[in-house]
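Novice: Here is how the chains run, residue by residue.
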Amino acid sequence: MPLLELDGVQARYGPIQALHGVSLTVDEGEVVALLGANGAGKTTTLRAVSGTVATSGRIAFAGRALNGAGPESVARRGIAHVPEGRGILGELTVRENLRLGAYVRRGRREVERDLERVTEHFPWLRDRRDQDAATLSGGEQQMLALARALVSRPRLLMLDEPSLGLAPLVVQELFRIVGELNREEGLSVLVVEQNANIALQSSSRAYVLEVGRVAVEGESTELRAHEGVRRSYLGY
Amino acid sequence: MDGQLFAQQVVSGLANGAVYASLALALVLIYRTTHVVNFAQGEMAMFTTFVAWSLNNRMSYWPAFVLTLAFAFVFGAAIERVVIRPVEQASHLTVIMVTIALFVTVNGFVLWVWTPDLRDFPTPFTGEPVVVAGVFFARHEIGIIALTVATVVVLWAFFRFTKLGLAMRAAAIRPEAARLLGVRVGWMLALGWGFAAVLGAIAGMMTAPLRLLDPNMMQPVLIYAFAAAVLGGIASPAGAVIGGFTIGVGINLLATYVDFVTPELELPVAFAVLIGILLFRPAGIFGRVAARRV
Ligand SMILES: Nc1ncnc2c1ncn2[C@@H]1O[C@H](COP(=O)(O)OP(=O)(O)O)[C@@H](O)[C@H]1O
Ligand SMILES: [Mg+2]
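Protein chains in written order, with my numbering: chain B, 3 to 238; chain Z, 236 to 529.
Chain Z on its own, in the form it takes in the complex (with noise of 0.2 Å):
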């Protein structure tokens, strides 16, 4: 075996596994709060990134980065207090209707507004690729993989140590219990949705620049993160992150080395694994069986 072509594969397949951690971890987030399995998570991300496209066009990368990032957080709050809160007591398919109506109507929105041409996205990790061992690795890549961790890392920090973050996290556990304690539960979930967006919007900018920017390019990797969520628990932060890992590097590595796995196989490989999963480990591989309380 080609040790540097292993090595390289590896690290694409981090790269990639990054951007569905990231959009797996918003899956969750809004699971965890709202209970809601969110199908319009990676078009809101697609519309996050055509709105730092449109102010790509005005200011520098990183600006348009932070301003992106605010405006995500924003919409999503908004959707959840617009959209979801609404069918809050609705049955599940009702809610999974809304969530896919938001995913047509999103993508509708965009075609409308910005037009379908495929455009370039920049990256801000640009530059010599960075050789280690002797081994070349594209610097999009080790810039994805970072941030993905960098923003993981503040996420955790966030709800672990924060007076917010425990509120949000008690009005997930328990929403009655915590209103008894004065947690505005309804804002609680609608920052929830926000902080996916975000984390959507991080995904689908760092997504852009390995497909070109188009209207489309979120649905493939919302497939990648729903396994990876799934692969998780469904309910578990750290197990959709490394489940997204586990995915892109498994994907990467099955279709470089297994023969028959061309492209145009590796999406429905990721679904086999998906429905593998639900059918005979339910809860994950790293998740606990489901320990929810309604």
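This is chain B alone, in the form it adopts within the complex (with noise of 0.2 Å):
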């Protein structure tokens, strides 16, 4: 049984129709890419999953239908979703914004002691604890983001385009966080990316969206060689 699986999901933005039927699993311990052109529904995608748009047909994770929950309850069901523009809160401290992916857990010490765990992976971290996000630059914040998902503890991490605005070194080294997770701690991931390249390196496999539909879907290293997916997504 896959850990999320999306059945033939429609969205729609009132009368714009943005998904048309999209079906897609994730399986537990998988890294997942979603690739597409802008405007081809990726987005919409992770927010059918953690139901900030209206969808139907069938969405379920850990073989439980999602449909209708708001993203409250989503992210209680342990769906961390990294939105577009990260979602961060520039008005709270660092420390308060990782105290706040460890809002849907339980138990005091067993939180504190993520946080201190989650710093391993962003050692700079511990320093800037009490200052504002607002000061980190776009690749801090995304780091952040990326920790304070971390902290929920999730079965899933959902991103949405993380290397977004991002120097290509920090993109890799958010790529190599994102791949030391899933071996070291088995966490699955879905990715969303226009950046084809570091997403097809570092997933095991993907789907290609053309608007609001599931094009093309396989392993990432026969994408890579896909006459298609190459010209339109990787550029050679």
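By construction, these hints were calculated from the structure, which means they are not laboratory data. Any given hint might turn out to be false.
Stated by the list, open to error - Some but not every residue of chain Z turned toward chain B, in silico, with C-beta under 7 Å:
(1) Arg395
(2) Leu399
(3) Pro410
(4) Leu415
(5) Leu416
(6) Gly417
What the hints assert, rightly or not - To be clear about the criterion: a stretch of chain Z counts as covered by chain B if any three or more of its residues have a C-beta under 8 Å from a C-beta of chain B, and this derived list gives those stretches:
(7) 402-408
(8) 418-429
No residue lacks a Cβ here, since even glycine has one placed at the ideal position from N, Cα and C.
Two chains, two frames, some hints: make the complex.
Specialist: Structure below.
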């Protein structure tokens, strides 16, 4: 049974239909990439899962239907969604942002330990935890968003264009950490990217969306060799 | 200048100001969480004070005080869920109309239930005046100031140090981001209204002993509270508190030392301050320029 399963999911914003029946799965312990041009419906697909857009079709998480659950409940079920733009609360401190990541959890001790532990991946967070999050650079904010998602101990991590606006080295670092978490802790990840290169290198499977439909799907290594994908998304 | 008179006027100004500060803080809390300017804040405070009066007939002061705060909390939260939630997405004008309707409704309801008679309302701060360096200060005034400062400190600590306080701040700053983190934003907004109503109830119960309990008693207080909140920058809790004390002391000193400011002119003066700030310093004296995200 897949961890996350979308079956014929449609979504609309008022009169505009953004998804025309998207089907995809993410298995436990897998990193899956979701690619596609601007406006293809990648963000909407993540929003369908987290319950921030109206949908029809079937969405199941760990075997139970998710449809209709609001974002608050979806977060409580163990899905951490780092949205486009990262969703950092700039007026709060770094530490307060991290504490919010643990909002859905109980057990003070364990949370404190995880707050400590997460800084192993992001050592610089330790020195800057009393700073307003708004003072961090874009790359640091993306790392903070990732760290905050981890503190919630998610079963599934959803990242929406984490590489957007970041320097190539920072992007490498970010995906390195995601890969590490996947290998060492078995974290399942669904990552939306326009940077197909790095997304295909870092994932085991991928889907390509075109105007609200899955156009291509397969193993990431296969997709890297795929004629159409190469020409449209990899640029060679 | 008579030092004794000055000291006494400053302290009673601080006592008045404490009440303005509480109500101003209530306004700011609601503005920050739901972006509503609540014209009914004073009437809600007045209503809960009438509830306190009825409770006071059945029990001693402090139990009645605590029960009133609990009632105010539930009442404020319920108002948010039942009255404000349906117009959450509506225009500013609609929301203002709704709070004015709430003002009229609450006022009418109190007149209907309790009749317009003036009533004495007890103060818990009784006894001989406090004497400091030969100057006499009324216990009630000292009590109001202490109670308000204590309330502000508790509220500050709540928002600063507790998980729920943090979630409420997050819900106010970026509701969509907070939701994705599992924060039940709707409830946080209702809690905000609940806390505001509690502050209002404290303001009402502290005002009633000074002015007699009457259904219109909070209306001038609301004007001063608006002036205080605007002075503090409408979105700044610390600004509202400082603004409240400033207005309280300022008006008292004006009335004492400037001959043409008679008691009838105190409200117009407060209004002039309010308009002046809005015109010349819309961000308030202490506030930063509106950093509001929509
Ligand atoms: N809030 C919105 N209101 C109306 N239309 C929207 C909204 N968000 C996205 N859309 C439309 O839905 C489609 C898919 O958008 P999106 O999921 O954001 O694409 P992507 O993330 O792949 O760039 C686009 O046609 C976009 O214009
Ligand atoms: Mg997008």
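Novice: Hints first: check each against the structure and report whether it holds.
Specialist: Here is what the structure says about each hint:
1. Against a cut-off of 7 Å between C-beta atoms, the interface hint on Arg395 of chain Z is violated, since the closest Cβ of chain B lies about 9 Å away.
2. A hinted interface residue such as Leu399 of chain Z counts as satisfied when its beta carbon comes closer than 7 Å to some beta carbon of chain B; here the least separation is about 9 Å, so the hint is violated.
3. Interface restraint check: Pro410 of chain Z against chain B, minimum CB-CB distance 10 Å, threshold 7 Å, status violated.
4. Hint status for Leu415 of chain Z: holds, given a least beta-carbon distance of 5 Å to chain B, under 7 Å.
5. With its C-beta approaching chain B no nearer than about 5 Å, Leu416 of chain Z sits inside the 7 Å limit, and its interface hint holds.
6. With a least beta-carbon distance of about 3 Å to chain B, the hint placing Gly417 of chain Z at the interface is held under the 7 Å criterion.
7. Counting residues of the stretch 402-408 of chain Z whose CB falls under 8 Å from any CB of chain B gives 4; the rule of at least 3 is met.
8. Against chain B, the stretch 418-429 of chain Z contributes 3 residues with a C-beta closer than 8 Å to a partner C-beta. That satisfies the three-residue criterion, and the hint holds.
In terms of the numbered hints stated before, the structure departs from hints 1, 2 and 3, listed from lowest to highest.
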